[in-house]
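Enquirer: With the hints as constraints, model all of the structure from the sequences given.
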Amino acid sequence: MLDLVKAETERIESRFLEPACGDGNFLVEVLNRKLSVVIQKYGKIQLEYERHLFLAISSLYGIDLMSDNVKECQNRLAQIAETQYKAKFKSQTRKAVVDSIQFVLSKNIVCGDALSMTSDKHEPIVFPEWSLVTGSKVKRRDFAFDSLVNTATNEPTFDMVEHMDTDSMGKIIPTPIKDYSIVDFTKVSANE
126 MLDLVKAETE
136 RIESRFLEPA
146 CGDGNFLVEV
156 LNRKLSVVIQ
166 KYGKIQLEYE
176 RHLFLAISSL
186 YGIDLMSDNV
196 KECQNRLAQI
206 AETQYKAKFK
216 SQTRKAVVDS
226 IQFVLSKNIV
236 CGDALSMTSD
246 KHEPIVFPEW
256 SLVTGSKVKR
266 RDFAFDSLVN
276 TATNEPTFDM
286 VEHMDTDSMG
296 KIIPTPIKDY
306 SIVDFTKVSA
316 NE
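At position 165 of the sequence shown (counting the first as 1) the number is 290 in this note's numbering, and the numbers step up by one without a gap.
Hints listed in this document are in silico derivations from the structure and should not be mistaken for laboratory results. One should not assume that every hint holds.
Below, simulated PhoX-like cross-link-like pairs (lysine-lysine); rule was C-alpha separation at most 25 Å, straight line [claimed, not checked]:
1) LYS262 with LYS303
2) LYS232 with LYS196
3) LYS215 with LYS166
So the derived label-pair ranges between C-beta atoms look like this [said to hold, decoys possible]:
4) HIS247 with LYS166: 40 to 48 Å
5) GLU248 with SER216: 36 to 44 Å
6) ILE170 with GLU248: 39 to 47 Å
7) ASP128 with LYS312: 35 to 43 Å
8) HIS247 with LEU129: 29 to 37 Å
Every residue, glycine too, gets a C-beta built ideally from N, C-alpha and C.
Expert: Here it is, written out as structure tokens:
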């Protein structure tokens with residue numbers, strides 16, 4: 126299935142959402158493909174590798190109804206990233222990078238219902254967008270999941286109106302429900 130979108134799996138920044146992620150089988154394969162590109166292109170310089178590792182992790186999103194599946198998915202993805210990172214840079218690995226990976230996964234892989242677009246706490250699902258800005262700086266913007274899904278079809282829903290804008294061609298563009306200040310990618314959890 127991933128071979129049908131092979132070019133996207135090789136773009137480190139290309140975002141993937143698994144709306145019924147289970148323990149992460151689909152996302153694990155996407156991550157493995159992205160990490161192959163990261164190591165091939167950026168494996169020689171540690172900081173470049175770390176930045177692109179962060180970008181690969183931050184581009185994966187998942188939802189599952191069961192909290193144990195969510196935790197297992199987060200753990201599997203973190204373990205794959207950490208194992209490759211530690212194998213590549215051994216004693217030079219930085220705890221701050223590992224902590225950032227775990228934090229991002231805690232925000233990107235969530236417990237909820239993709240059909241009702243609500244979390245296990247019966248609140249709207251919110252996903253962060255992580256964007257590398259300059260150097261090692263990252264910008265986080267949070268979006269309501271329903272605004273992202275419904276703008277893809279260009280049909281606003283009742284609760285989207287306050288979270289949308291339109292471009293010059295009339296296409297709906299979601300607006301973030303929260304903006305965070307720009308920080309170093311190793312300090313994203315401090316920006317919470």
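Enquirer: Next step is simple, just say for each hint if it's right about the structure.
Expert: A quick look at each hint next to the structure:
1. Distance check on the hinted pair: LYS262 and LYS303 sit about 18 Å apart at the alpha-carbon level, within 25 Å; holds.
2. Annotation: proposed proximity of LYS232 to LYS196 holds, straight-line Cα distance about 11 Å (limit 25 Å).
3. The hinted pair formed by LYS215 and LYS166 meets the criterion: a straight-line CA distance of about 19 Å does not exceed 25 Å.
4. Checked against the hint of 40 to 48 Å, the pair HIS247 and LYS166 passes, with Cβ atoms roughly 43 Å apart.
5. Between GLU248 and SER216 the beta carbon distance is about 42 Å. The supplied range of 36 to 44 Å therefore holds.
6. Between ILE170 and GLU248 the Cβ separation comes to about 41 Å, which falls inside the hinted range of 39 to 47 Å.
7. A beta carbon spacing of about 37 Å between ASP128 and LYS312 agrees with the range 35 to 43 Å that was offered as a hint.
8. At roughly 35 Å, the beta carbons of HIS247 and LEU129 sit within the given window of 29 to 37 Å.
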